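In the order they appear, the protein sequences are chains V and E. In terms of this note's numbering, the first sequence has 225 at position 225, counting the first letter as 1, and numbering is strictly consecutive. Adding 517 to a residue's 1-based position in the second sequence gives its number in this note's numbering.
There may be inaccurate statements among the hints.
Unchecked claim - Computed Cβ-Cβ distance ranges for the label pairs, DEER-style:
1. E/R698 with V/R404: 25 to 35 Å
2. E/I710 with V/G407: 21 to 31 Å
3. V/A261 with E/I628: 41 to 51 Å
4. V/A261 with E/V533: 57 to 67 Å
5. V/E393 with E/R698: 42 to 52 Å
6. E/P683 with V/E393: 17 to 27 Å
7. E/R698 with V/V91: 55 to 65 Å
8. E/F541 with V/T515: 49 to 59 Å
9. V/I92 with E/E623: 20 to 30 Å
What the hints assert, rightly or not - From chain V, some residues computed to sit far from chain E (all C-beta separations above 10 Å):
10. T42
11. S45
12. V54
13. N232
14. N240
15. T326
Quick caveat, the hints were computed from the structure, so don't treat them as lab data. Remember, predicted model here, so these are calculated numbers, not experimental data. Glycine included, C-beta positions come from ideal geometry on N, C-alpha and C.
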Amino acid sequence: MTINRREFMKATALGVAALSLPSLASRAAAASGPLIFAAAGTVTSSWDPTSHTVAPQITAEGFLFGHLTKCPMSEANPGEILPDLATEWSVIDEHTLEYKLRQGVTFHDGKPFTAADVKATYEYASNPDRPASAWYPGRVDVEVIDDHTVRLNTRQYGYPALNFWYVSSFLPILSAADVANPETLKQRPNGTGPFKYVETVGDQIKFAAFDDFHEGKPTIEEIVWAYVPDANTRVLGLLNGQYHLTERLEPEQYLSLQKEASLKTDRSLSSENKYLHFRCNKPPFDDPRIRLAVCHAIDRSQVLAVVGEAGQASNCHISPVKFGFTDVKGYPEYDPEKTQALLAEAGFPNGEGLPEIEYITSVGFYPKTREYGELITAMLQEQGFPVKLTTLEPAAWEEQLYRRADGQGPGHIIDVGWITGSPEPDLVLRPNYHSQFALINGISDPQIDASLDKERGATSTEERLKILQEETLPLIAEKAPSISLFSSVFLRAMSARLDGVTFYPNGPIDLSKATLS
Amino acid sequence: MAFALEFFLRRISQGVLIVLAVAFVIFTLLRIAPGDPIRIILGPMATPSAMEETAERLGLRDPIPVQFLRYLGDIARGDFGNSFIRGKQGGTTGGSQDAAGAPPVERAAVIELIARALPYTLLLAACGFLLACLVSIPLGILAGVRNSGWPQKVALYLSSFFVSLPNVWVGIVLIYLLSARTGWLPAIGYQHIGYVVIPAIVVAVELAPVMIRSISVAVATNVQDPFYEIGQVRGLSARIMLFRHVLRNAAVPLLNSFGAQMIGMLLGGLFVVEYIFSFPGIGLLTINAVFQRDFPVIQTVAIFASTVLVFINIAVDFASTTIDRRLKF
Chain V
1 MTINRREFMK ATALGVAALS LPSLASRAAA ASGPLIFAAA GTVTSSWDPT
51 SHTVAPQITA EGFLFGHLTK CPMSEANPGE ILPDLATEWS VIDEHTLEYK
101 LRQGVTFHDG KPFTAADVKA TYEYASNPDR PASAWYPGRV DVEVIDDHTV
151 RLNTRQYGYP ALNFWYVSSF LPILSAADVA NPETLKQRPN GTGPFKYVET
201 VGDQIKFAAF DDFHEGKPTI EEIVWAYVPD ANTRVLGLLN GQYHLTERLE
251 PEQYLSLQKE ASLKTDRSLS SENKYLHFRC NKPPFDDPRI RLAVCHAIDR
301 SQVLAVVGEA GQASNCHISP VKFGFTDVKG YPEYDPEKTQ ALLAEAGFPN
351 GEGLPEIEYI TSVGFYPKTR EYGELITAML QEQGFPVKLT TLEPAAWEEQ
401 LYRRADGQGP GHIIDVGWIT GSPEPDLVLR PNYHSQFALI NGISDPQIDA
451 SLDKERGATS TEERLKILQE ETLPLIAEKA PSISLFSSVF LRAMSARLDG
501 VTFYPNGPID LSKATLS
Chain E
518 MAFALEFFLR RISQGVLIVL AVAFVIFTLL RIAPGDPIRI ILGPMATPSA
568 MEETAERLGL RDPIPVQFLR YLGDIARGDF GNSFIRGKQG GTTGGSQDAA
618 GAPPVERAAV IELIARALPY TLLLAACGFL LACLVSIPLG ILAGVRNSGW
668 PQKVALYLSS FFVSLPNVWV GIVLIYLLSA RTGWLPAIGY QHIGYVVIPA
718 IVVAVELAPV MIRSISVAVA TNVQDPFYEI GQVRGLSARI MLFRHVLRNA
768 AVPLLNSFGA QMIGMLLGGL FVVEYIFSFP GIGLLTINAV FQRDFPVIQT
818 VAIFASTVLV FINIAVDFAS TTIDRRLKF
């Protein structure tokens, strides 16, 4: 094959033009002022909110979908509920909740929002066949009273409707027409939220302001969700002005960005706690005394010193922004004497005779896990525990995290965080501590099960709060299927030109009132 | 002609065996290393039954030799498979726990992902190599010709300095200085040719030390040979001796060095640089694929990279033999 000079020049010109095309497109986009969000994660292959439990997609859904209610999940008032697509809500009886719906709301495809959409969404999402049904307390029937009134009814399924009280702020409302056609639901999101989906180009997702958003069209015309896995790249992109907002900063990055005049930082308590789960269905952690001995050997104040800005002290198995949080009395504190007493009582004085204990942690996903993993390993070794620390990158760690089909999980202690998007405490407690699930630790304790069932069966929020704070959470602390090390704090940074942003403790970002000057 | 035919037949058949061996090693290592792609495809809380169903559908529960033979059969038909993680639009889309929600037909074809990323990588590689040549060729020749003077010292100190700089660090520092602090250049991602400048400097800093040393040593060796002085005694100028004889003789070791070492370095360097700069080339695609256990992408890139290396080596050896007929490869 031969090529002459003219052909070569032509081919070169075409190549250069091809490489320049994205440049022109992006410059045009930049001129209209999109907000570029450098995200640490990205969405799944399905836009159906009931098909996943993935945190970054829940953040993306925050731009797109409305919910019946909103829960700001503040530390001062974790149980606060505000109106969203519902304007009023009330308890009719033990098994019935009533919601009055907002009028004049439309979906992104132009269809009006009515009670039929709520019925379709709730009955579809609570179906146990849906992958994300674990978020919801169980099946629910929805009765349409009129176009703008619905009743959630759980009588047929034998648990109080109050279990949906906080979940109503978490379940995205779908269009009934989409629910009837799951293929459409999967292909593109269609909500009532402030932004609508435009397209996905490579690792970028584009959203545009929704003209008919019921709270008024957002000022920011376009959001570009740029998936940037490397934390340093996200920060450097923010510093050079290519990005306007980023998340999941390392504590050191957060501190150094605070000094930048062109940037603002945000530090807010999340709904995530960081845990060490013990594999309770195999030795030595099938003995609660050994679990407690480990808890008393860990000086959590030193762990927090390592975690720095990314953590906040808490003595409870749920975050302070969750309904039911309390500073649990008798939560295991650092006490080496107690550790030694418990080890001796269990037949392992000074740790002699204990099998090798594998402590599995990840690096590159949560802040400082390797560093405090080494610290905790040293603390446990000091008390005589023969601990071996295994540090894995996220994909390998995630494979080790959950119990397998045979009920056993690898290693003996594993580090993990648990984040959920509602004040509802059962989203943390039941999957982790009820023997029906016990996804990570494999605990099977009739007393814990009974206490979890009791708080779930409470018929008023006051009664439930009392059971949670006085019985369930102290019992979990006493049995120690895991130890909650601290509550996570989310560290973010943004352009100083960006105002009016609200961050939710589970990740979603409300940009509906934000401005980028 | 007969020599060339015999050379290419022999070397290409050897090359195919090498590529097959590399493919098998990568294929096997991916499957025995910790990190189950099904967890990433379906998400952390997927049920064991959904995981098994998906794994069986993707053929991941068959014995490794069976999977490998099936894979080779697909490649022979030109099918490099579909990504486990990336959707048709090229975006990362792991984590859906709906086993029925992630059919392979809705995933991007690996060959399309590579075709989309390759022009960016070639552009970055070409710019990095060009920058490295601009510094290394004059400095290397000067240092080789005057190998006891200041050019030799400059070449030595500069290459020692460059070689001691990790490319990750150089990348971050250059973005910070040239983009974040001064705003002179863009840095993250790719929107126009300006986005290539800083990453190309990082690639050049990595390549330059080896190029400077190779060129200066090859030139110095020839300059110290008797033919160099004899040529000048016979009336040829130093310039003619250098450009017509010294550089030609130096070409064989340089070709070997550039072929075997430089391309390997370039490939490795590009992977890291593209990741730091979020530059949408093959390197970024591959590193993300490793984190996400996207087996089809990793396998195809490995085969692609080993094929490129094998063929460059064949071309270099052929060129060397053509330059110096005494050499036999």
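These are the hints, each one checked on the structure:
1. E/R698 with V/R404: 25 to 35 Å: violated (50 Å)
2. E/I710 with V/G407: 21 to 31 Å: Roughly 57 Å apart at Cβ, these two residues miss the hinted range, so it is violated.
3. V/A261 with E/I628: 41 to 51 Å: holds (47 Å)
4. V/A261 with E/V533: 57 to 67 Å: holds (59 Å)
5. V/E393 with E/R698: 42 to 52 Å: Violated, at about 32 Å.
6. E/P683 with V/E393: 17 to 27 Å: holds (20 Å)
7. E/R698 with V/V91: 55 to 65 Å: Because 58 Å falls inside the window, the suggested range holds.
8. E/F541 with V/T515: 49 to 59 Å: Cβ of E/F541 to Cβ of V/T515: about 57 Å, so the range 49 to 59 Å holds.
9. V/I92 with E/E623: 20 to 30 Å: With a Cβ separation near 43 Å, V/I92 and E/E623 fall outside 20 to 30 Å, so the hint is violated.
10. T42: violated (5 Å)
11. S45: Violated: least Cβ distance 4 Å, not greater than 10 Å.
12. V54: violated (4 Å)
13. N232: Per Cβ check, V/N232 is inside 10 Å of chain E; nearest 6 Å; violated.
14. N240: At roughly 4 Å from the nearest Cβ of chain E, V/N240 sits no farther out than 10 Å, so the non-interface label is violated.
15. T326: Non-interface label stands for V/T326: nearest chain E Cβ at 27 Å, farther than 10 Å.
Of the hints listed earlier, those the structure fails to meet are numbers 1, 2, 5, 9, 10, 11, 12, 13, 14, in rising order.
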